[in-house]
Structures are given as C-alpha cells and as structure tokens.
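Protein chains: 2
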Amino acid sequence: MTEKIKAYIAGFLDGDGSVYVRIKPHEGYKYKFQISPYIVFYQAKKNRLILKYLKDKMQVGYIRDRNDGICEYIIGDLNSIEKFIKWIGPYTILKRKQIKLMSKILQKKRNVKSVNSFLELCRFIDKFKKLNYSKKRRNTENQVRKVLKQRNLLTP
Amino acid sequence: MTEKIKAYIAGFLDGDGSVYVRIKPHEGYKYKFQISPYIVFYQAKKNRLILKYLKDKMQVGYIRDRNDGICEYIIGDLNSIEKFIKWIGPYTILKRKQIKLMSKILQKKRNVKSVNSFLELCRFIDKFKKLNYSKKRRNTENQVRKVLKQRNLLTP
Numbered sequence: 152m153t154e155k156i157k158a159y160i161a162g163f164l165d166g167d168g169s170v171y172v173r174i175k176p177h178e179g180y181k182y183k184f185q186i187s188p189y190i191v192f193y194q195a196k197k198n199r200l201i202l203k204y205l206k207d208k209m210q211v212g213y214i215r216d217r218n219d220g221i222c223e224y225i226i227g228d229l230n231s232i233e234k235f236i237k238w239i240g241p242y243t244i245l246k247r248k249q250i251k252l253m254s255k256i257l258q259k260k261r262n263v264k265s266v267n268s269f270l271e272l273c274r275f276i277d278k279f280k281k282l283n284y285s286k287k288r289r290n291t292e293n294q295v296r297k298v299l300k301q302r303n304l305l306t307p
Numbered sequence: 152m153t154e155k156i157k158a159y160i161a162g163f164l165d166g167d168g169s170v171y172v173r174i175k176p177h178e179g180y181k182y183k184f185q186i187s188p189y190i191v192f193y194q195a196k197k198n199r200l201i202l203k204y205l206k207d208k209m210q211v212g213y214i215r216d217r218n219d220g221i222c223e224y225i226i227g228d229l230n231s232i233e234k235f236i237k238w239i240g241p242y243t244i245l246k247r248k249q250i251k252l253m254s255k256i257l258q259k260k261r262n263v264k265s266v267n268s269f270l271e272l273c274r275f276i277d278k279f280k281k282l283n284y285s286k287k288r289r290n291t292e293n294q295v296r297k298v299l300k301q302r303n304l305l306t307p
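Residue numbers (my numbering), protein chains in the order written: chain H, 152 to 307; chain U, 152 to 307.
Hints in this document: simulated from the structure, not taken from any laboratory.
Keep in mind that the hints are not guaranteed to be accurate.
Repeated chains share a single entry, so a pair holds when one copy, or any two copies, can fit it.
Below are the DSS-like pairs computed for lysine-lysine, each with C-alpha atoms no more than 30 Å apart in a straight line [said to hold, decoys possible]:
no.: 1; residue 1: 196; residue 2: 300
no.: 2; residue 1: 255; residue 2: 203
no.: 3; residue 1: 155; residue 2: 197
no.: 4; residue 1: 155; residue 2: 183
no.: 5; residue 1: 197; residue 2: 281
The whole structure should be built from the sequences, with the hints applied where relevant.
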C-alpha cells in the first residue's frame, strides 16, 4: 500500500469509521465475558463498492449488509486489527486516541494471565466510553467484577 | 499541501462529506433562482477541531455550528470550490462523479449568457439527484422553467 492509499483510508476512518471494544457476556469463556475489538466502516448499501475497495486494499476483515440499508466493513480479529493499526494508525488524526487505546488493549488482551489482569483489561476498555461518547455501554469493569464475584471467580 | 494530506482529506470527504448544488428561489436574481454549490464536511460538535484542521489546511470556507449538535465545514463560493477540486478531486474515489459534475456546473455557471444556458445549467444540476440519491430536491429545471414562463422571461 502506498502512502497515498494509507492516508486516504485514515481520512475515511476519521470521517466515517468507528474504533471500539465490546465486553460481551459469554458463559463458555473462562472469565464469563468475551472481549471483542472492532474497527468498522459504514456506508449506505449503494456505496458498497467503496467498502469493497478498502477491503481489497487491506486484505483483512469482511463486509456485512445490515437490515437497515447500511453496509459495514468490519475488522474484528486481533491480528487483522494489529495490521490495520500498524498501516493506517500513523495517518489518523481524529481517531488517533482510539487507535492508541486499542493498541494497548490488544497487548493486554494477549497477556491476560489472571482474573485481576482481566479486570485491568476491562478498566482500559471502559476508557472508550469517554473517547467515543458512547451511552449504551452496560458491561463495564464493575459489571464484570460483579459477575465474577457471584461465580466465586474473584476472591475478595 | 503534501500528497499525504490531500489523500487524507479526500478519504474524509468520501467517508463523511457532501458535494451538491442547490437551486434556490431568489427574486433579486436575473433568472429568479440562485445557484449555490456546496462542499460540506459534517461532524458532531465535539469533533469541531478536526474540521478546523481541514479548514486550516485548505484555507477556504467556514465552520458553522448547527442547532442539532452537528458542526459543518462549508466551502460555498466558486473560487474556493474550484481550488478544492483542483487539490483534492484527483484523490477522491467514492465522490469522484460528484466532483466531476460539480466542475462542469461551475464552468457552465460562469458562462451563463442567456435564459436557455441558465436552464441548461439547471438540467446539469438535476443530475445530482441521481448521484446523491436526494429525495427533497424540489427546484429542478422544470420548476425553474415554469417560473421563468410565468414571469415572461422565457419565450416559447
């Protein structure tokens, strides 16, 4: 990828994209929650081709049609997001903070070795709330802590 | 501006921006309608700084806070739009067609010499309806023609 294409994708992300991490309840997981990082581009379905173009350039992620006429290009696995950040991160401006926080979180996610380091990971994810001004976030570190206590997975 | 910045702005425009021309009723004008071209970037007010950054780089246009929490960076005069197109146009992908149509329209706008060339200009502006999938456009060539006939400005 040329510098030109990387800068273009960074601009597109800054204008239109999202960088965030979800904490989702998941009984099958050791700490009862799944940590899901996302980088997403949104467009009306009629503009699907530009998302295809971005995907062809990046060679990671997948495209999904929602039911509401919106099309999403989603990069959701750790390796792909790390590649994306390495390539595109340096060219971002508006989402620079989110990209840096995402980097830290991925590193921490790879190194979870105890329930406490899992809770620390959740605390870092909570920081997205402020950066992205998200209102719906329910599963915070506190919620995870509560559930882990209930399951006796967290000794006081 | 470096290639990197131009490509970034083009990506931002493709992800988030609008390229369109309005036909507005205006009694004071020779042909009773004003032709207003626009290139606009939108962001939530909290992201005002990135619009300021774009404006500082471009050195054209102005920033406006709307009442609904949205902030707009608007480039609205002919010379500024022509500059923008010259710099950023070659780096756009998604909005390339709109940029090309805008170029033609600005050229035609500069060369309006008769009521018929004004109507031809309006016919070109109508093409934005399809490109932008706009639904609200009321003042089309037909509407302009109707008004000009009523005012005896258009001989059959």
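>> Treating 30 Å as the Cα threshold, decide for residue 155 and residue 197: within, between, both or neither.
In response: both (25 Å within a copy, 28 Å between copies)
>> I want to check one pair: residue 197 and residue 281. Are their C-alpha atoms no more than 30 Å apart within a copy, between two copies, both, or neither?
In response: between (32 Å within a copy, 12 Å between copies)
>> Cα distance capped at 30 Å. Does residue 196 pair with residue 300 within a copy, between copies, both, or neither?
In response: Neither: 44 Å inside a copy, 40 Å across copies.
>> I want to check one pair: residue 255 and residue 203. Are their C-alpha atoms no more than 30 Å apart within a copy, between two copies, both, or neither?
In response: So residue 255 and residue 203 pass the 30 Å test inside a copy (28 Å) and across (29 Å) alike.
> Checking residue 155 and residue 183: alpha-carbon separation at most 30 Å within a copy, between copies, both or neither?
Replying inline: neither (43 Å within a copy, 44 Å between copies)
Comparing the model with each earlier hint shows violations of hints 1 and 4; every other hint is respected.
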